[in-house]
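Put together the whole structure using the sequences plus the hints.
Below, each chain spelled out in residue letters.
2 protein chains.
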Amino acid sequence: MAGDPIGELVALFARLPGIGERTATRLAFFVLESPPELASGLGEALSKLHDRVKRCRTCGNFGADELCNICRDPRRDASIVCVVARVPDLVAIERSGAFRGRYHVLHGLLAPLDGIHPENLPIAELRERVEREGVRELVVATPLTVEGEATALYLADVFGDSGVEVTRIASGMPHGGELEFTDQVTLGRALAGRKKV
Amino acid sequence: MAGDPIGELVALFARLPGIGERTATRLAFFVLESPPELASGLGEALSKLHDRVKRCRTCGNFGADELCNICRDPRRDASIVCVVARVPDLVAIERSGAFRGRYHVLHGLLAPLDGIHPENLPIAELRERVEREGVRELVVATPLTVEGEATALYLADVFGDSGVEVTRIASGMPHGGELEFTDQVTLGRALAGRKKV
Chain A
1 MAGDPIGELV ALFARLPGIG ERTATRLAFF VLESPPELAS GLGEALSKLH DRVKRCRTCG
61 NFGADELCNI CRDPRRDASI VCVVARVPDL VAIERSGAFR GRYHVLHGLL APLDGIHPEN
121 LPIAELRERV EREGVRELVV ATPLTVEGEA TALYLADVFG DSGVEVTRIA SGMPHGGELE
181 FTDQVTLGRA LAGRKKV
Chain B
1 MAGDPIGELV ALFARLPGIG ERTATRLAFF VLESPPELAS GLGEALSKLH DRVKRCRTCG
61 NFGADELCNI CRDPRRDASI VCVVARVPDL VAIERSGAFR GRYHVLHGLL APLDGIHPEN
121 LPIAELRERV EREGVRELVV ATPLTVEGEA TALYLADVFG DSGVEVTRIA SGMPHGGELE
181 FTDQVTLGRA LAGRKKV
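Line by line, the protein sequences give chains A and B. Mapped onto our numbering, the consecutive letters of the first sequence carry residue numbers 1 to 197. Mapped onto our numbering, the consecutive letters of the second sequence carry residue numbers 1 to 197.
One or more hints might be untrue.
Note that the list lumps identical chains together, so a pair holds whenever it fits in one copy or between two copies.
As the list claims (entries may be wrong) - Here are the simulated DMTMM-like cross-link-like pairs (lysine to aspartate or glutamate), alpha carbons at most 25 Å apart as the crow flies:
| hint | residue 1 | residue 2 |
| --- | --- | --- |
| 1 | K48 | E165 |
| 2 | K54 | D4 |
| 3 | K48 | D89 |
| 4 | K54 | D157 |
| 5 | K54 | E44 |
| 6 | K48 | E133 |
| 7 | K54 | E21 |
| 8 | K48 | E149 |
| 9 | K54 | E8 |
| 10 | K48 | D4 |
| 11 | K195 | E66 |
| 12 | K195 | E180 |
| 13 | K54 | E33 |
| 14 | K48 | E37 |
| 15 | K196 | E165 |
Simulated from the structure, these hints should not be mistaken for lab results.
Next up, the structure:
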C-alpha cells in the first residue's frame with residue numbers, strides 16, 4: 001500500500017474556491033486520464049509558484065522581478081496612484097484600460113475585529129512613497145464594502161493634510177443595470193451621485 | 001525577467017474541464033494568496049500522480065498497487081463482473097453500494113470513426129479473465145449513448161456462445177424524474193421496459 005494518491009489530489013483540489021468534492025473528483029480523473037504532461041506541468045507551476053512570484057518592492061503587485069511591470073514602465077503616470085486591496089483588483093482595473101497611473105496594493109483591508117489594524121497594511125510605505133515620488137492623487141479603489149469603505153475613510157484621514165488629493169471610485173448603477181433589479185443601497189447612491197447631463 | 005509564472009499557471013488551470021480563464025485566474029490568485037503549503041502540496045500531488053497511480057493488472061481500475069482494492073478484496077464476488085468505460089463510472093457504482101462483484105474497466109468505448117476498434121480495448125483480457133476466473137455474468141454498464149450501446153452489443157456478441165450471461169443495466173426514468181420533463185427516448189424505454197407491480 002502506498003496511500004491513496006487520487007484521494008489526496010481530490011482533497012487538495014477541493015480546497016480551492018468554488019470546487020466541491022464532486023468537481024474535485026472530476027478534475028482529478030481528468031488529469032489522470034490526460035497525457036502526463038498536464039499533471040507534471042501543473043505540478044511544477046504550482047510547486048515553484050511562491051519562489052517565482054515576487055511582490056514588487058514599490059507597490060506590492062505580483063511579478064517575476066523585484067519591480068513589477070507597471071512600476072518599471074516609464075509611460076505610467078507616477079503622480080497618480082490607485083490603492084487596491086488585492087492584486088486581482090489591480091488586474092481588473094488594468095483590463096478596463098481606464099487607468100494609466102500606478103498602484104499600491106494593500107494585500108488586505110482594515111478589519112479591527114479580525115486584528116487587521118493600519119500597522120498591518122503597507123500604509124507607512126504608501127506615505128513614504130507619496131513624499132518620495134511626488135504623488136498628487138490617491139485613487140482609493142478598495143471595494144464598496146464595510147471594510148473597503150472604512151479603509152478609504154482612514155486613508156482620506158491619514159493623507160488629509162499632506163497636500164495629496166484622496167479620491168474614491170464612483171458608486172452607482174453598473175453598466176447595463178436594470179433599476180428593477182438593483183438593490184436599495186446602490187439605487188440610493190446612484191440618485192445621490194446624480195450629475196447634470 | 002523570468003517569464004510570467006502567474007500567467008502560466010492560469011493557462012494550465014484553464015486546460016481543466018469546466019474552468020474558463022476567469023475561474024483559472026481566481027484559482028491562481030487564491031493559491032498565491034494562500035499559505036505556500038497549498039501550492040506545494042498540490043504541486044507535489046500532481047507531479048507524482050502518474051508515478052503513484054497504477055492501473056490494476058486484472059481490471060484496469062486505478063490504485064496505488066499492482067492489484068486494486070476491489071480485486072484484492074476476497075469478499076467481492078468474482079463470478080460477476082461489471083464492465084465500465086471509465087474509472088469514474090466505477091466510482092459512481094461503488095458509491096451506490098448496489099454492486100458487490102468486480103469490475104473490468106475498458107478505458108474507452110468502441111468508436112470506429114475515431115479509430116477505436118475492439119483490439120484497442122482490453123476485450124481479449126476480459127475474455128481470458130472470464131475463462132480463468134469462471135465468471136458467470138458480465139453486467140455491461142457502459143453509458144446509454146451510441147458508443148456505449150454499440151460496445152454493449154459487441155460484448156454480447158463476443159460472449160454470446162461462451163456460456164457467460166451478458167446483461168445490460170436498465171434504462172428508464174431516473175429516480176425523482178418528472179414525466180413532463182423527461183425526454184422522448186427515455187420515456188419510450190421506460191414504457192417498453194415496464195414491469196408487473
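Status of the hints after comparison with the structure:
1. K48 / E165: neither (40 Å within a copy, 53 Å between copies)
2. K54 / D4: For K54 and D4, the Cα distance is within 25 Å only across copies (11 Å; inside one copy 34 Å).
3. K48 / D89: within (24 Å within a copy, 34 Å between copies)
4. K54 / D157: neither (31 Å within a copy, 62 Å between copies)
5. K54 / E44: Answer is both; intra-copy 17 Å and inter-copy 21 Å each pass.
6. K48 / E133: Result: close neither inside a copy nor across copies, 34 Å intra and 48 Å inter.
7. K54 / E21: between (32 Å within a copy, 22 Å between copies)
8. K48 / E149: neither (36 Å within a copy, 45 Å between copies)
9. K54 / E8: Answer is between: at 15 Å across copies they meet the 25 Å cutoff, but 29 Å inside does not.
10. K48 / D4: both (24 Å within a copy, 12 Å between copies)
11. K195 / E66: neither (43 Å within a copy, 73 Å between copies)
12. K195 / E180: within (21 Å within a copy, 52 Å between copies)
13. K54 / E33: Close across copies (12 Å), not inside one copy (33 Å); limit 25 Å.
14. K48 / E37: Close inside one copy (16 Å) and across copies (11 Å); limit 25 Å.
15. K196 / E165: within (23 Å within a copy, 82 Å between copies)
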